[in-house]
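Trainee: Line by line, the protein sequences give chains A and B. End of the first sequence sits at 380 in this note's numbering; the numbers just go up one at a time, nothing left out. End of the second sequence sits at 380 in this note's numbering; the numbers just go up one at a time, nothing left out.
Please keep in mind that the hints were generated in silico from the structure rather than gathered at the bench. On a predicted model such as this, the values are computed, not experimentally measured, just so you know. A few of these clues could be false.
Which copy is meant is left open, because identical chains are indistinguishable; a pair holds if it fits in one copy or across any two.
[As the list claims (entries may be wrong)] Straight line, CA to CA, 25 Å or less: simulated PhoX-like cross-link-like pairs of lysine-lysine:
| hint | residue 1 | residue 2 |
| --- | --- | --- |
| 1 | K346 | K226 |
| 2 | K114 | K347 |
| 3 | K347 | K79 |
| 4 | K228 | K339 |
There are 2 protein chains.
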Amino acid sequence: MRNKRIGKRTMKMESTPTIISTASVVGPKEGQGPLKDEFDVILPDDLYGEKTWELAESKMIQTAMELAVQKAEKKLSDVEILFGGDLINQIFPASFAARELAIPFCGIYGACSTMALGMCLSSIVVDGGFADYALCGTSSHYCTAERQFRFPLELGNQKPMTAQWTVTGAGSVFISSSGNGPKIKYITIGKVVDKGIEDGNNMGAAMAPAAVDTIYSYFEDTKDDPNSFDVIATGDLGSLGKKITEDLLRQRGIDISDVYTDCGLEIFDLKEQDVHCGGSGCGCSATVFSSYIYPKLLSKQFKKVMLVSTGALLSPTSTLQKQTIPCIAHAVVIENQ
Amino acid sequence: MRNKRIGKRTMKMESTPTIISTASVVGPKEGQGPLKDEFDVILPDDLYGEKTWELAESKMIQTAMELAVQKAEKKLSDVEILFGGDLINQIFPASFAARELAIPFCGIYGACSTMALGMCLSSIVVDGGFADYALCGTSSHYCTAERQFRFPLELGNQKPMTAQWTVTGAGSVFISSSGNGPKIKYITIGKVVDKGIEDGNNMGAAMAPAAVDTIYSYFEDTKDDPNSFDVIATGDLGSLGKKITEDLLRQRGIDISDVYTDCGLEIFDLKEQDVHCGGSGCGCSATVFSSYIYPKLLSKQFKKVMLVSTGALLSPTSTLQKQTIPCIAHAVVIENQ
Chain A
44 MRNKRIGKRT MKMESTPTII STASVVGPKE GQGPLKDEFD VILPDDLYGE KTWELAESKM
104 IQTAMELAVQ KAEKKLSDVE ILFGGDLINQ IFPASFAARE LAIPFCGIYG ACSTMALGMC
164 LSSIVVDGGF ADYALCGTSS HYCTAERQFR FPLELGNQKP MTAQWTVTGA GSVFISSSGN
224 GPKIKYITIG KVVDKGIEDG NNMGAAMAPA AVDTIYSYFE DTKDDPNSFD VIATGDLGSL
284 GKKITEDLLR QRGIDISDVY TDCGLEIFDL KEQDVHCGGS GCGCSATVFS SYIYPKLLSK
344 QFKKVMLVST GALLSPTSTL QKQTIPCIAH AVVIENQ
Chain B
44 MRNKRIGKRT MKMESTPTII STASVVGPKE GQGPLKDEFD VILPDDLYGE KTWELAESKM
104 IQTAMELAVQ KAEKKLSDVE ILFGGDLINQ IFPASFAARE LAIPFCGIYG ACSTMALGMC
164 LSSIVVDGGF ADYALCGTSS HYCTAERQFR FPLELGNQKP MTAQWTVTGA GSVFISSSGN
224 GPKIKYITIG KVVDKGIEDG NNMGAAMAPA AVDTIYSYFE DTKDDPNSFD VIATGDLGSL
284 GKKITEDLLR QRGIDISDVY TDCGLEIFDL KEQDVHCGGS GCGCSATVFS SYIYPKLLSK
344 QFKKVMLVST GALLSPTSTL QKQTIPCIAH AVVIENQ
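For reference, chain A alone in the conformation it holds in the complex:
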C-alpha cells in the first residue's frame, strides 16, 4: 500500500479524476463584482423566491449542483455520490438540497474549506474506483451567516476593517473517472492549526497559518516548484490573510508571490464594494473556482492550479466560551496540460 502517498500528507491520484463541469449561483452583490460575467446564475435578490434565507441558500446549492450535472449532459441519477456542506448549523442548506437531489449523500463540515474538502473526497472516491461520477458543492449566504455567527442584520452593526464579507453564492464541481477536462493530480488534507487568534472579525489572520501549513506540506512532500503553477488560490483569506500567508511561506523558504491570489480578492472590488478585507464564506472559493478558475483551466489559459480553501472551525458557542479559533485548509492540485 501507500503507493498513492507522496511524502507525509499528499495523496497522488493514479487514474484520472476529471472535472467534467462546474456551476455557480451568486447573489446580487457578487453579481456586481469583477466576475459578474462569469457566473451561471445571478439572483436578483437574496431570497430566491423562498420564505427564509436558509431555504434560499439551500435552493442555491441545489441549483448549482443540478446545473453542473446538466452541463455535463448527465442526469442526477447518474451521480453515485454527493459531498456537500456549508456554514449553517447542522449543514441545513446542504442536507435539504441533498433531499431534493436524491443522490447518496456524505455531509461534510470544513467551514470555508468545504469546497476543497469535497473535491479531495470526491477525487478519492473516483480514483479509488468506488464511483464514476461524484458531485461536490457548497454554499454560503451573507444573511444566514451574519445572523448565525455575528449579529442580527437588523442591528446594522459596523465591522472592524479586518473583517470580510460573506459571499452569497453556491458552487458545484462534478468529477468523473473519464471524460475530457482538467485532471485532479494531488490532494493534501489539512491539519487543524490554531495560533491563538480569538477575534472572529479577523479570520484572515486566524486562517493564514493553516493555509501555510497545507501549502508548505504540499511542496515539502512533492518537491514541486511554486512557479510551475499558473495560479495558487487560497479560499478566503482576504487582503490581510493573503499578506500573512505570503510572508510566512517566504520565511519557510517558499515564495509563491508571483502566482498567488486569494478568491476573496477576486470576487469583490475591494475599492468599490465596501467589503473591507474581501470576500469570505464557503461560497467564496466555490464560486471563484467554478466560474473563473475552471473555465481558464478548460481553455488551457491555466495549465496548473492549486486551490487551497481555508476554513475557520469556530462556533458561536466556542467563541462565547472564550476559545481561540482552530483553522484548516485543504489543497487540490489540478492540471490540464
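Mind docking chain B on chain A? Use the hints.
Mentor: For chain B alone, coordinates are given in the frame of chain A:
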C-alpha cells in the same frame, strides 16, 4: 471502473480494510446501563474536568481516539487521516479534538449516522490505497445536545414517551490496510429520506424510513441473506423506530427480525433507566459498536454484522422554520470469518 460497485449503491471493498481497534468513553448514566462492563472509560461526572459540557465532549472524543490508537500499539503520528464529527454546531467537539490530535482531518456531519459515515469514508480511503491507517470517531453529550436542540436543562422540561435519551459517549474505530481483525466488506451510503415527520421528539419514526431505504438497498444490491448476519444493528431508532423499521422492511419482502437490534436499546435498560424509547445521539451507535459489537466480532462470537447508524438532519433553525426532518442512514458490513 465501477468494479467496486455492486448494484446501484453498495460498494465492495477489494482489499482488506481491517478494524484493528476501537475505544469508548461514556458518561455516568451509560456506565450504569447493561453495557457497564464493556466500556473503556466511564466518567464519574459529565464535565470530565472541563469548564463546559462542550469542552468535556471534545475531551471525550479525543480520549476515545487516543485510546483506539494506543490499543493498536500505534502512535497518533502513524495515523494518516481522521474523520470526525458530532451533533454540535460547527462540530465544535470534533474540530477541537482534531486540533489536539494533529492528524489530517476531514470534518463530517451526518447527525447520529456519523459513526457509520466515518467508517464508510475511512474504508474507502484505506481500500483505495490512500492511507494505511485511518481513524474515525464521534461523540454526543446529553447536556450539549439538549440545550442546543431542545431546552435548557435548568427548565426541567418533560418529554413525551416517543422521545429518546441522548447518549453521553464517544466511540472511535481504527481502520488499517493490514493486521488481524474483522474486515469491512461492503458499505452502502445513504440517501436523504423525509417522510414528513415534524416532531423532534419522535426521531425514531422520522429516521426509520431512512434505515429501511439503506438496508433494503444493501439487500437489493448484493442479494445477501438477512439470516447470514449475526446482528443487524441500527444506530438509535429506539423501541418505536425499531418496530417501524422491521415492519416496513417486511412489507418490502425482507425479514430481519431474527437478527435485528438497535443500539439505543442495548445501551440503556428501558425499564429501569427512564429513557423512554431508548438511547440516541452519535455516541449511541459509536459506543455500542466500539464496546459491545466489536469485541464479539474479534472473538468470532459474531462473524458477520451490519451497522446502520441513523441520523436526523434537522437543525433548530429548520424546526423553527416549520420544516420536516430529513433523515439518513449509512451501512457498514463487517465480517470475521
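Trainee: Of all the hints given earlier, name the ones this structure violates by number, lowest first.
Mentor: none
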